[in-house]
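*Asks:* Using the sequences and the hints, build the whole thing.
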Amino acid sequence: MAFDKMELRDIEVWDGNFAAAQAMRQAQIDVVAAYPITPSTPIVEGYAQFLADGYIEGEFVMVESEHAAMSGCIGAAAAGGRVATATSSQGFALMVETLYQASGMRLPIVLNLVNRALASPLNVNGDHSDMYLGRDSGWIQFDAYSPQEAYDLNLIAFKVAEDHDIRLPAMVNQDGFLTSHTAQGLKPLSDDAAYAFVGEFKPMNDMLDFEHPVTHGVQTEEDWHFEHKARQHNDLMVKVLPKIKEVFADFEKISGRKYNLVEKYDMDDADICVVCMGSSVETAREVASEMRANGIKAGVVGIRVLRPIPFFEIIEALKDIKAIAALDRSSPNGAAGMLFNEIAGALFNTDSKALLSGYVYGLGGRDLTKAHLVALFKELQANADAGKITTQLQQFIGVRGPKLAYL
Amino acid sequence: MLEIRWHSRAGQGAVTGAKGLADVISTTGKEVQAFAFYGSAKRGAAMTAYNRVDDKTIMNHEKYMMPDYVFVIDPALAITTDVTVNHKDTTKYIITTHLSKEELLQAQPKLQGKDVYTVDCITIANETIGRPIPNTPMLGAFMKISGMYDIEFFKNSMKRILEKLPQKIVDANMVAIQRAYDEVK
Numbered sequence: 326m327a328f329d330k331m332e333l334r335d336i337e338v339w340d341g342n343f344a345a346a347q348a349m350r351q352a353q354i355d356v357v358a359a360y361p362i363t364p365s366t367p368i369v370e371g372y373a374q375f376l377a378d379g380y381i382e383g384e385f386v387m388v389e390s391e392h393a394a395m396s397g398c399i400g401a402a403a404a405g406g407r408v409a410t411a412t413s414s415q416g417f418a419l420m421v422e423t424l425y426q427a428s429g430m431r432l433p434i435v436l437n438l439v440n441r442a443l444a445s446p447l448n449v450n451g452d453h454s455d456m457y458l459g460r461d462s463g464w465i466q467f468d469a470y471s472p473q474e475a476y477d478l479n480l481i482a483f484k485v486a487e488d489h490d491i492r493l494p495a496m497v498n499q500d501g502f503l504t505s506h507t508a509q510g511l512k513p514l515s516d517d518a519a520y521a522f523v524g525e526f527k528p529m530n531d532m533l534d535f536e537h538p539v540t541h542g543v544q545t546e547e548d549w550h551f552e553h554k555a556r557q558h559n560d561l562m563v564k565v566l567p568k569i570k571e572v573f574a575d576f577e578k579i580s581g582r583k584y585n586l587v588e589k590y591d592m593d594d595a596d597i598c599v600v601c602m603g604s605s606v607e608t609a610r611e612v613a614s615e616m617r618a619n620g621i622k623a624g625v626v627g628i629r630v631l632r633p634i635p636f637f638e639i640i641e642a643l644k645d646i647k648a649i650a651a652l653d654r655s656s657p658n659g660a661a662g663m664l665f666n667e668i669a670g671a672l673f674n675t676d677s678k679a680l681l682s683g684y685v686y687g688l689g690g691r692d693l694t695k696a697h698l699v700a701l702f703k704e705l706q707a708n709a710d711a712g713k714i715t716t717q718l719q720q721f722i723g724v725r726g727p728k729l730a731y732l
Numbered sequence: 681m682l683e684i685r686w687h688s689r690a691g692q693g694a695v696t697g698a699k700g701l702a703d704v705i706s707t708t709g710k711e712v713q714a715f716a717f718y719g720s721a722k723r724g725a726a727m728t729a730y731n732r733v734d735d736k737t738i739m740n741h742e743k744y745m746m747p748d749y750v751f752v753i754d755p756a757l758a759i760t761t762d763v764t765v766n767h768k769d770t771t772k773y774i775i776t777t778h779l780s781k782e783e784l785l786q787a788q789p790k791l792q793g794k795d796v797y798t799v800d801c802i803t804i805a806n807e808t809i810g811r812p813i814p815n816t817p818m819l820g821a822f823m824k825i826s827g828m829y830d831i832e833f834f835k836n837s838m839k840r841i842l843e844k845l846p847q848k849i850v851d852a853n854m855v856a857i858q859r860a861y862d863e864v865k
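Line by line, the protein sequences give chains C and G. Here the working numbering is used: the first residue of the first sequence is 326, the next is one more, and so on. Here the working numbering is used: the first residue of the second sequence is 681, the next is one more, and so on.
Heads up, none of these hints are tricks.
Partner residues aside, some chain C positions facing chain G, computed with beta carbon under 7 Å:
(1) L503
(2) S604
(3) R610
Only part of the chain G face toward chain C is listed, based on derived beta-carbon distances under 8 Å:
(4) D703
(5) E711
(6) Q713
(7) M739
(8) N740
To be clear, the hints were calculated from the coordinates, so they are not data collected in a lab. As the structure is a prediction and not an experimental result, all values here were calculated from the model. Virtual Cβ for every residue (Gly too), placed ideally from N, Cα, C.
*Replies:* Shown next, in the form of structure tokens:
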């Protein structure tokens, strides 16, 4: 290799952004086209620094908007390179049109989505509004709860997305600031081990292969559009989760760190549980352990892969639970909440008698405290004891003013 | 669990200081966390940064904290803001100021009866590093008050963290750390 390797310590203290940038360096991305936006900026800054310092053979394309950033990534991926970028919030919203192009053209781009609220009002802090905005775009969506996981899932995302049976773009979500700017100890792989895991990029239908001309980004009207979309959905439903499980198992072999489509914590004999995403999963785990010390059998379910949704794994995780709280860190703006609906949809045709209630929390970076979670677990236990939901179905946690509850 | 809250102005290096401290502590086998509240703050805006240290993996991501130590690295913030918020009886305060402790307590009555230590990190930084960046001297003062590590071990660890800076700046930081260690009271 014509570039320098970096000596890493067994434990590095990195924030989630730097962890993602390091994974992008180790995967030797050919092209990053990016338009920086808070809080994801240090990821592409990091890549640019590594490139300038000779640690990567690649190209950084500066563009005039996030729409152009993803368009550049699409062009580079169609040409036949390993491609990644990063964005957040408003930038992601501007990318949305091109996200559907990327997935429809079956281009394995990795997008680091550092989750941040959507305006208006303008806010740079973390919630899951942007993550939720992308969920019908045909991308695979991973969710990291910590800097270590942001690093690991980047490496995993390339290996899944670029597999020739998959060929779909993947997002790695992490919480803005709470993960992206929080430094913690993590265990990186060596450059050689990380690159060996991700593997050499193997092009497929690449436009720069002039011996085999191909067309990308075609028009199909009613004659073929539905078949293309159906095939894309089929691959998401049938091929992606088995591939992710396989790659998770491969990753465990080299790192000792085990990932699951649905992350269960203390769920084996739990009566009640919360289902959530992002850094809240870890805080909820700590509180659940404290509840158990007080005789309440509490558990936590974290959604590791949001798309494709691990439908049957969610059913399995929740099958014996008496009371479930679905925690959505995005305003449903006139509905029950994404996780509430996904869980209700999964459990509806099963024998589950679980009481399901929904909570909206943490918008615009509002703190989810341990005290909030203690009160929530107690409310779930009250539901389980009463055999019915003792509150309204949807409540808001941590918002000032009169208590808000609906449905 | 050891918890620290930094009061700073954006640009004074609280985040770098918190991350540097976390890095040093991590090398001794402890689990660490360093984070900050930024908002879309401009240079000079009041901000807070945080450290958590524990023997086991830190899973708590709440921003709420009852700190064991409060570091104030901008002299005005001890007076214009309430640095005692969410305090415990045992909270220790290390405050950058050119005032004597008595003058400081008079200027900020909320600090009366608290475990307060003072050191003039701004002057130390100006005289050693040549810029009013009070983060590394604050860590020198912290080593003295907490007794966490031997000062020579700490300075050697900080040399690695600052290694990308010019040697002259690294050396000046070592002098600043030592001076704050010696001068905090």
